[in-house]
Amino acid sequence: MNIPRAKGAELSRRDFLRSGAAVATTTLAPGVTLIAFGGSAAEAGTDAGKRWGLLIDANKCDADCSACVTACSDENGWKGTGNPETDAQWIRKVTLKNTTTGRETSLPVMCQHCEEPPCVDVCPTGASFKREDGIVLVDKHTCIGCRYCMMACPFKARSFVHEPTTNQKSHAPRGQGTVESCTLCVHRVDQGGTPACVEACAATGHGAIIFGNLKDPDSDISKQLAGYSSTALRPDLDLNPGVRYTNL
Amino acid sequence: MERTIYREIKATKAVWELAVILLGFIAAALGAFFYVEHHGHIVTGMTNQIVWGLPHVFAIFLIVAASGALNVASVASVFDQKIYKPMARLSALLAMALLIGGLAILVLDLGRPDRIIVAATTYNFNSIFAWNLILYTGFLAIVGAYLFVQMSIGIPYSVVRKVGFVAFIWRLALTTGTGSIFGWLVARPGYDAAIMAPLFIAMSFAFGLATFILVTATLCRLSGRVFGGKLIRRLGQLLAVFAAAVLYFSAIRHLTNLYTAEHAGFERFMLIDGGIITTLFWLGQVVIGGIIPILVIFHPSFGKTPAAPVVASALVVLGGLAHVYVIVIGGQAYPMELFPGYEVSSSFGDGQIANYRPSLPEVFLGLGGVAIALFATGLGAKILRILPTSLSDANVGQKP
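From first to last, the protein sequence lines are chains A and B. Under this note's numbering, the residue at position 14 of the first sequence is numbered 14, and the numbers go up by one with no gaps. Under this note's numbering, the residue at position 175 of the second sequence is numbered 175, and the numbers go up by one with no gaps.
Chain A on its own, in the form it takes in the complex (with noise of 0.2 Å):
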C-alpha cells in the first residue's frame, strides 16, 4: 500500500485527507487490509522461500492444559457461547485412546497448513487460499459461505461462524455467514513474530508446539524433524501439511 509522502508546503488538501485515510487504514486495521485483500496484498508481503509450520510434540502436551486454545481465543477474538457444536474452533484438543493398548494422548488440532490444500481447491470463488508461505487463509471479502470447503477438509479445521460477531479483532476479522480457521497468526508472523498458541504453550513449560521455517534447514523445527519421527495427520491423503506431529 502505497502512503502518499508529504512534501511539507506543497501538501494540498486533497493529499493530506488521502494520506489521513491511507495512515487511518494501515494503523487501525493493518489485519483487515491484510486478509481483505487476500491474494494480492497478502501474497505480496510473503517469502516463497519459506514456508511456516508448527511441530506438535504429543508427549509435551499436557491433558489438563489448553492453554494454547485460550490464547488462541483471545488473540483472534472467537469464543464459545456455549453451543459447541455451532461455535468457531479454530483449534481444539483432542484426547486420544489408543484401542489396543489403552495409552492416551492429548494434542491440538488446528488448520494443517497443507502444500495441497482441499479447501483451496474446492472453494468456488477462491477465497480459500494459500499464500506462498504455506500459511492457508480465507478472504473474507470473497467468501460467499457455500462451505464446500468444510465438506472437504480432512481435519475439521474450519468452521462457518453462526451468529453476528461483536469485539472483533482488527488483525482478524470474522464475518458472520463465512468460513474461518487458524490463520498461523499470520499478523504476528508478517510482523516477525510466533503464533499465539505457541507462545503460551512456551509460557507454560510444555513448549510441546515449536513454531518455525520448514524450508531453512538451520531453523529449530527443521533440526527436530530432522533428527526424529514425526507424521503429518492423515498421512494417505499426501496432502504435504505444515503441521507436523511426533510422540502420537
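Any given hint could be a false lead.
[Unchecked claim] Simulated crosslink set (SDA-like; lysine to any residue; CA at most 20 Å straight-line):
#, chain 1, residue 1, chain 2, residue 2
1, B, K82, B, I153
2, A, K60, B, S346
3, A, K79, B, G40
4, A, K140, B, T389
5, A, K215, A, A232
6, B, K162, B, G138
7, B, K230, B, F339
8, A, K140, B, I116
9, A, K140, B, R115
10, A, K97, B, G351
11, B, K382, B, S223
12, A, K97, B, Q352
13, A, K97, B, F339
14, A, K140, B, H39
15, B, K85, B, K230
16, A, K130, B, V107
[To be verified] These stretches of chain B come out as covered by chain A in the derived footprint (C-beta under 8 Å, 3 or more residues):
#, region
17, 82-92
18, 117-124
19, 129-142
20, 184-192
21, 261-273
Calculated from the structure, these hints are not laboratory results. Heads up, the beta-carbon is just placed ideally off N, CA and C, and yes, glycines get one too.
Starting from the known structure of chain A, fit chain B onto it as the hints suggest.
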C-alpha cells in the same frame, strides 16, 4: 394419427388455487431466508459438523431431477422415439424450472447470499463447484435454445435433433458434475468414490422421470386434457427400469465399501446402526423409492391401470428425497477418521456421530424451491404453447 396441437392451459379456478398455494410456499421460503439471513445459521439445524442440511437435500434432489426431466425430450429428439415427441416441450420446460428451483435454494442458503455477484464473477477453475456453476448456466441456455427451436415455426427438425443432442450430452455432464461434488471429496468415508457420478446419473433418470410423470398428470388433469393410459404406462415401465438402475448402483457402491475393512465402520453406520439414516436408507431409499415402485408398475392387475405409474412416481420422489438425505446428511454425520486405531474425543465432535435436526426455516426453504420449480412450470404452460391439447393414445400411440 392427428397432428399435435399445443395450447396454453386456461386459467381455471383450480389453476388459480394451485398458483396461490405455490406462491404461499414461495413466500414462506422468502420469510425463512430473511430470518436466517438476519439471525445467522444459528437458527437452523445446521452445525459445524452437518454443514449442509435439509435445504441442500431439496436443492440436490431438484438439480438431479432437472437433468432427468429432460430425458423425455432427449428420447424424442436424440433417439427418435416419436411417441415422446408431444411431451418434449414440457420436458424441456420442467428441466429448466427444476434447476432454477434447486439453484434458488442453494443461493438463498449461502452464508453471504448478497455476494452472489462474487460467485458469478470470480471463478476458481480447480473447483468442481465452479465448474457446476458453468454447467448449470449452460444447461439453462442450451435447454432454453432447445425449447425455442422446438417451438419455432419453420426450423427444420434436423436442427431440433442437433440441439437436442447437445442438450443430452450437457445434461450427462451436469449430473456427472453434481455427483462429483461428493465423489471428489477425498476426506470423507461416505463420499470419495467415482461411482457417485454414474449413481447420480441413474438417480437423475429416475427422479426426473417420476417428477415429469407427476407434473404432466397434474397439468393434464388441471386443464382437462387426456393423458393416454398406454403412454403413461410406457413411461411407468421406463421409470421401473430407472428405479432398478438406482438400486443397482447403490448396491455396487455399498458392496464395494463392505469389501474393504477401512469402510466397515461407515457401512455399519449406514446399513445397521445409523438410526434415522439407516431407516431412511432401507425403508425410504430401498423399499419406498425402489422395490415398491417396481412392484407397482409390474403388478399383474394394478400395474395395468393409469394410476400405477402415478403412484410409483410419487413413491420414487419420496424415496429419492430419502436417498439424497442419506447421502448428504449420512455422509457428514459419520465422523472423519483423523487418527486410525484410536478412540477420539474432543469438544468439536471428533469421533462422534453428529446429530442433525432440521429446523422449520430449512423445511420452508426446501419446499419453497420445489414451489418455485412447480410455479415456473405452471406459468410456462400457462403463457406458452407447451402442453398438447391431447396426449391420448390415439394421438401419440402410433408410429406414422
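**Item:** Violations among the numbered hints
**Value:** 4, 7, 16, 17 and 21
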